[in-house]
Amino acid sequence: MTNQGLDAFAAWVEDLMRERGYDIDSPRGGGKSRIADEAGVHRAAVTRLLQRQSMPDLETTRRLARVLGVPVRDMLIRSGRLTAEELADPHDYLTSPAPSADSGRRPTLEEVADLLGVPVDRREMFVRVVEQFLPSEAEADVEVTRVREDRRVLVESAAAAPTAD
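Numbering (our numbering), first residue to last: 96 to 260.
Worth flagging that the hints you see were computed from the coordinates, not collected in a lab.
In this text the structure is predicted, and so the values were computed from the model without any measurement.
C-beta: ideal position from N, C-alpha, C; glycine also.
No incorrect hints appear here.
With beta-carbon atoms standing in for the labels, derived distance ranges:
| no. | residue 1 | residue 2 | range |
| --- | --- | --- | --- |
| 1 | 128 | 222 | 33 to 43 Å |
| 2 | 100 | 243 | 56 to 66 Å |
| 3 | 246 | 113 | 53 to 63 Å |
| 4 | 137 | 107 | 12 to 22 Å |
Turn these sequences into a full structure, and let the hints guide you.
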């Protein structure tokens, strides 16, 4: 990163800090310590950024983004670590035209990884991690059967219930 890039990023972060009420300008304002504490990072990392000495590491950047209420994506792009093209915006997918009627199938995890901009060399790991949170097909079938049975019982109960005249 060039000094100009670091200056621009630091100035943007400073503005965010001020907008969110962190007193980073007065020596005893406590804003640098407060944001470091809230983000769970070393105060020195915040100071080095604000003094344009160094760019924060990835974890510090992620934590600062959370505290400042900005997407990590914006922090990574503004810091010069990644370009907008390298880090696809998931909102672009949400606003893109709906898939055609013949593609009414659930997307594969590989397709989801592609849509989210997961780097090709990390997609296999992405798929393995996400699969852990998805029900197996057998579990999904059991759940569908359970929901149908619950609905049947509710309908039968409603039909058998006496009506108030």
